[in-house]
Every structure is written in C-alpha cells, then in structure tokens.
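Heads up: the sequence lines are chains A and B, in that order.
Position one of the first sequence corresponds to residue 1496 (this note's numbering), numbered consecutively onward.
Position one of the second sequence corresponds to residue 26 (this note's numbering), numbered consecutively onward.
Don't take each hint at face value.
No more than 30 Å apart at the CA atoms, straight line, and that leaves these computed lysine-lysine pairs for DSSO-like [unchecked claim]: (1) A:2059 <-> B:36; (2) A:1924 <-> A:1913; (3) B:57 <-> A:2060; (4) B:36 <-> A:2061; (5) A:1940 <-> A:2023.
Here chain A is said to cover these stretches of chain B; the calculated rule only asks that three of the stretch's residues, wherever they fall, bring their Cβ under 8 Å from a Cβ of chain A [claimed, not checked]: (6) 28–38; (7) 61–73.
What the hints contain is simulated information worked out from the structure, not anything from laboratory work.
By construction, the Cβ of each residue, glycine as well, lies at the ideal position given by its N, Cα and C atoms.
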Amino acid sequence: MSCPDCSSKNGATGPYDASSITVLPGLEAVRKNPSMYIGSTDQEGLHRLVYEAVDNSIDESLAGYCSRIHVVIGRDGSCSVEDNGRGIPVDEHPEMACPACQVVLTTLHAGGKFDQGSYFRSAGIHGVGISCVNALSSWLELDVWRANGHYVQSYKVGQPTTALVRKHASERRGTRVRFMPDTSIFDTTQFDHSVLARRLEELAFLHPGIHIQFDDHRQSTSQVYQYDSGILGFIARLNSDRTPLHAKPIYIQLKGEQIELDLALQWTTAYGEAISSYVNSINTVWGGTHVNGLKRALNRSINAYAAKAGLLNADNGERIATFDILEGLTCVLSVRMFDPRFEGQTKTRLTSRYVRETVDEVVSLQLDAILTADPALARVVVGRALDASRARQAARRASDRARYTARDIHVSDEVYQKQFGIRSKTWHKSAVWIANEELLAEHAKMLKMPESARLLDVCCGSGVVGNSFGDRVAEKYGLDITPEMVALASQRLDKVVQGTVYDIPFPEASFDVVCTREVLHLLPNPGKPVSEIFRVLKPGGQFVVGQILPFSELDGPWMYRVFKKKQPLIFNMFQEEDFRQMLLGAGFVDLEMTEYNLWESIDVWIDTHETTSLHRHEIRDLFHNAPAEARAVHPFEILPSGEIRDLWRWCIFSVRKPE
Amino acid sequence: MANLEGLDTHKHLKDAFAEEAVTAYRYLYFAKIADIEGQPDVAQLFRDLAEGGICNAHGSLDYLRTEGDPLTGAPIGETDRNLHAALLAETGEFSDLYPSMAVVAHAEGFPDVASWFETLAKLKRAHVQQLREVIARLESSQASNEGVE
Chain A
1496 MSCPDCSSKN GATGPYDASS ITVLPGLEAV RKNPSMYIGS TDQEGLHRLV
1546 YEAVDNSIDE SLAGYCSRIH VVIGRDGSCS VEDNGRGIPV DEHPEMACPA
1596 CQVVLTTLHA GGKFDQGSYF RSAGIHGVGI SCVNALSSWL ELDVWRANGH
1646 YVQSYKVGQP TTALVRKHAS ERRGTRVRFM PDTSIFDTTQ FDHSVLARRL
1696 EELAFLHPGI HIQFDDHRQS TSQVYQYDSG ILGFIARLNS DRTPLHAKPI
1746 YIQLKGEQIE LDLALQWTTA YGEAISSYVN SINTVWGGTH VNGLKRALNR
1796 SINAYAAKAG LLNADNGERI ATFDILEGLT CVLSVRMFDP RFEGQTKTRL
1846 TSRYVRETVD EVVSLQLDAI LTADPALARV VVGRALDASR ARQAARRASD
1896 RARYTARDIH VSDEVYQKQF GIRSKTWHKS AVWIANEELL AEHAKMLKMP
1946 ESARLLDVCC GSGVVGNSFG DRVAEKYGLD ITPEMVALAS QRLDKVVQGT
1996 VYDIPFPEAS FDVVCTREVL HLLPNPGKPV SEIFRVLKPG GQFVVGQILP
2046 FSELDGPWMY RVFKKKQPLI FNMFQEEDFR QMLLGAGFVD LEMTEYNLWE
2096 SIDVWIDTHE TTSLHRHEIR DLFHNAPAEA RAVHPFEILP SGEIRDLWRW
2146 CIFSVRKPE
Chain B
26 MANLEGLDTH KHLKDAFAEE AVTAYRYLYF AKIADIEGQP DVAQLFRDLA
76 EGGICNAHGS LDYLRTEGDP LTGAPIGETD RNLHAALLAE TGEFSDLYPS
126 MAVVAHAEGF PDVASWFETL AKLKRAHVQQ LREVIARLES SQASNEGVE
C-alpha cells in the first residue's frame, strides 16, 4: 500500500485507510432537500459542488499530502477535480463490506474529517462533502490512484453502477472526481467561469505553494494559480486598483495549538471597507466572532495609540468609532481551527465564541507593538481614522445646516459645488452608468432635430451626454455649477459655461435641444429647472432627459432609503407618473419614453466621500434585508464574494416645446 | 370582560400597544447600528428586547381584539374583519394621511421629506390594490361555496 503511516506536521496520526472512515447514513435526504446541504439549488449551490470536491483536495494538502489540484470544466458542462493526494482508500470498509471509497461517495457524513486523527483542519461542509456532490450529479466517475493501482468506479444519481475495478498497475497517487450536475436538481447547471476562477485563486492565496490549474474547455482557457506570497499577495491583488496609504501591509500571525491566525491589513484612499475573512479557507461572507474580535482589537489599539500620542481631544472625550477605523481598510483574516461552529449550512458566519477573545487578544497585542515600533505607520493609520471620524462629525453638522437652509429657498450652490467638485476627479469611475456607451446611445437615439441643431447639456458633468450626440448636432454647449466639471466638460463640448440650472444663463429660445441625465432628483423644486429648460428651448425644440426610476411603487420607499443614504442631496424619489406629470405640467408635449436597464456595482457606487461609513453599512444591510415587496419587482444580486449588483431602471424621456 | 368602550383603560391599552410596537421597531433599528459598530452583544440585547416588545404589543392587542382595531376602530378578530380593517387603514394612509403630510413638509421647506411621504403614499396605494384583490377573491370563493350548499 502506498499510504504511509502518517504523522504529518499538521497533526495527522495513524493510517488513513478504511478503518478511519466514519459512517452516518442518509444520502437520499440530500436529493430530497438539497438546499439543506448545499444552501440553495441556484448557481451558488451548483458552484458549491465544485468547492466541496476541491475542499477535499485542500484537506489533503493541509494534511501534507497534496501539492497539485486540477479543475476542469468540460465542454459537456461536467466538472472534474483531480489531485495528487493519497487517494481515497480503496480497501474494504470493516463494517460496510464494500470499498471505503464507495462508503465515502454514497454515505452522508462519511469522510476522514469526522475522525480528528486524520485531519487537523477541514474545509468542506460538515463532512457531507463528496457524497453530496455524488447525490446531486446525474453521473459521477471516480478515479483513484493508490496502492500501486489505478481504480475506477461509476455512479448515477449517487448510486454505484459498477463495482470498484482495478484497471492496471500504477505508481501514481491521487483522486479524480468527474461529475455532471443533475439538471433536475439545479435551476442552472452552467458553471460561471469568473466565480470559480476567483474562488480557486483565493484558495491559492490562502494555501501558499499549492498549484491549482483551472481549465475551462468551454472557452478553451487554462490558468494556473500558485502563489508563495500568501495573504500578503492576496492583499496586493485586492488593492491593485486602490491607492494604499502605506506601502507594506501590516502582518499579524499566530501559530497556536488550537488555532492559527494570519492577518494582513492595509489602509487605502478608498472609502469603503473590504474585509475578507476565512475559517479553514471557507469564506465567511457574513463575518462572525473572528471578525468581531478583529474589530474590537482595532478599536482598542488605535484609540489607545491616539490617546497616548495626544491626538484625541480629551476635553470632549473624543473617541474614534470602529466604522471610522474601518474606512478604507482592506484586510484578509484567515483562521484555521478545530471544529469551527457556523451559523447555517453554508457557513458564512462563524459563531465559535472563544475565537473572538483569541483574535482580539492576539491582534491588539501585536498591533500595539507594531504601531509603537513604527511611528510613521502609526501616524498614517491613526491619522486616517481620525480624519474619517472628524469628517463624519463635520458632515453631520453640515447636513444639519443644509436642513436649516432648506427652509429658505433651496440648498446653496456651494453645497453642490463642493460635493461634485471633489467627485470630479473620479467621476467616470464612480458608477457604471456615467460612461456606459449603450446608455448614452439610448439618449442620442431620441434625437429628432436636424444636423444644424444647437444643443445644451445642463448639469453636464463631464459632458458625456452632450458628447454622445456626436456630429448629429452642429453645436454643443454645456452648463455646470462646479468649475472642476466645467473644465472636464470643455474637453468634450464646444463651449461650457459655469452656472445654475435654476437660472440658465442664456436668453429665451436659444437652443434646439436640451439634454440632461440623473439630475432633477437632486434639486428641490425641480419644476423650476424644467421650466428654465422650457424657456431656453426654441418652439418645437426637444428636451431629452434620463432618470433612474423605481420599477414600481413597491420598491419606491426601499429605493428612497438606499439612494438617500448614498447621496444626502436627494430631494425627490420620482416615480414614472411623477416624472411624466412634471414634464407635461411644464408645458411640454409629444412625450416618449424608452427604458434601459443597467447593472451597477453598489460597492463601487457607495465608495465615495458623499456616503458616510455608517450609511455604507446601512445600504448593504438594506440589500441584505430588502422587503419582499421590493424584491418582487426590483432585481439585484448579492454575489458569493459579498459584492452587491443592482439593476437600475433608466427611463429616457423625450418631450418637445410646442411650435 | 366588561365592555371597555369609552373608558380610560381602553385608551391605555391602545397606548400600551403603540408604546411597545414603537419600542420594538426602535430597538431593531438600534440593533443594526450596534452590529455595524461591531458590538454584537449590544445588538443581540436590542434584538431580544425587541422580540419581547412585539410579544408585549400583541398582549395588549389580545384585549383590544374584541374592542376594535386600535388604528381605525373597525372590528377585528377574524381574518375577514382584519382584512377590512387593514384596507381601511391603508386607504386612509394613501388617500389622506401621507398626502397631507407631504403638503405640510413642502410648506415647511422639506422637499426631501415630502418626497418620502409621497413615496409612502404610492406604496399604500399598491397595498390597497392587493388587499382589495384578496378580499374579492375570498368573497367570491365564499359565495361560490354557499352556492354549492
């Protein structure tokens, strides 16, 4: 037998053979109620099959026996996962009177992981692992290279259709599982390349040195993930399009008997926080006790340092809140431990209580030392948090004042100039819609005026809307309130003027076309700018205006809260009927409307100075706990990575001033 | 129990119901903030208190059930009555309550708050529609059952 008597560095003791497989029956239950075992039967559940198979190989690697994993998506839509581990035992199981590998594949909760002697740390879902994959596959082919032989066995919907056969002699070691997800179980059996690629890359970062090859025959791609840099490399990857505030990430490590911890922290100029947390390489999207321990430690260490360095205002008892510390933080926290407790079958939140104390203790101790030893780093990190904290206080005061001035007429121009001026630098990156060609084309398509037309783009921003009309109009003017945007738009439009839409600095009947987009909701008394637009249009002239609107009245209040938390300057959550009424009420005629739906990354959208850290969290929570009536009409998705994608309903209106 | 009509105790039961209901939803809101701040113990406490608050609100409603809907005064108890009471309340919110709140908000110079009330009014209009459909369906199925008998 090729399997040595194992005494690995990770604490595996005793031989890994048929006698180390524990049996708990009940595979039929998996097919009856798949969601209980794999979380769901949508694409996320489908991908879980791959993760389960890969996790088995990762376990072998953690035990010190596997260095290569090869994942293949076949042209037929099947998946194959192969490793060079010890191979699943093929000898007869003492109680079950069949090969141990068959026990592993056909019995729920059968696997090495229930026997702590075999594996120190285990990834798969409560050991249901590969038998779940088998149960939910229309067919499965098992190859084991072990004990000087190559063994094969075939299964259909979880049941063996052949006995285990030794095909020929072989010196190789390893396991390959090829399976075809059962179309009668899953809503879709199409694997998503990018989701799998991302997870495999993540695993490669979390297990430095391991070689993971991912071939997707459907698109003839092959990719190898192998990193020696571990989570430090992972942080660099995550921050590749952010600007770090300190070159070297902070690295904290613990190698304990009961628990191991790897933590890398790097603050950037971004506004959002990006905490990626793992327990035994399972991505705990919802965090849990390990993340809470980390937050507590960060709060304690950074406040302690700030107090010691005299940075806090002792008179008013100033203290930096945790969410100010988390602003701009990219962090990877990887914990490995015995017998982790999770909430729910898909393990997205860790609940083992003692982990919080351990993480808290280890992180504060080491972080205190790191900050004390490196005052330059401490200034950057503590200064960042302090800035965030004070900016939030100031924003609160400013919004109080905005509220107060609202009593008079409307918010002062200054507020808009400040908000959009700062954003001008990252304008095109701050949301998908701003520079999306198809959406812009939908506006231009509305044009009905001759080529000699003179166009005005109001609140033009960077001028992309006006610019989208190309040479279909003769002259393109722009109007914006911020000098920064005027400068930007001047690169695209013929002439750009600084001014306000409440009092457009052009005489009556100056233009054939006026266009604008996603502006009127930001203005109190939007009827006023609309009547200004009416005024500067020639008789017969056209107004083209795009606006994001709720899908129906059912998602209105929910969307109101999301948008208001993102952008405190929102004054109107228009619905389609309001918008039509406003245009027609101003005297326009010939109303036409087209709809264009566009996916937007909420995470990118809310990563802005306009949105406070608290609001960012609340927005994410609004998506996670969206009311059923909103969900029924408003599509959005929360990806396994935690990223939120929201579908925005763009309504593009065209109206004309009567002849 | 004796009739509560017109007595202070009737009013007090309504007050207690409102107090506990408001308490519960405030605590759920507070719990979210505590979660965001990284204070899960406090969040859990607020959630537990909110759960208790809901139970307490229902306790007052146990008495009020025989007296009428605390919001509209309409009879409640069985589902057909409850549906009608809900329809009555949502109709008032859609046609009167929120629109008039929006008017005041506009007048006092809070266009964003006015927009919020208008958004709520529209949602209530959708609720009215849903409730009407359910009530009509139940009544027609009842009518056809009676026809069979």
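These are the hints, each one checked on the structure:
1. A:2059 <-> B:36: Status violated; Cα separation ~37 Å.
2. A:1924 <-> A:1913: 18 Å, holds
3. B:57 <-> A:2060: At roughly 15 Å apart (the allowed maximum being 30 Å), residue 2060 (chain A) and residue 57 (chain B) satisfy the hint.
4. B:36 <-> A:2061: 41 Å, violated
5. A:1940 <-> A:2023: With a Cα-Cα distance of about 27 Å, the restraint between residue 1940 (chain A) and residue 2023 (chain A) holds, given a limit of 30 Å.
6. 28–38: violated (count 0)
7. 61–73: The restraint on the stretch 61–73 of chain B holds, since 4 of its residues have a Cβ under 8 Å from chain A and three suffice.
When the structure is compared with the earlier hints, violations turn up for hints 1, 4, 6 and for no others.
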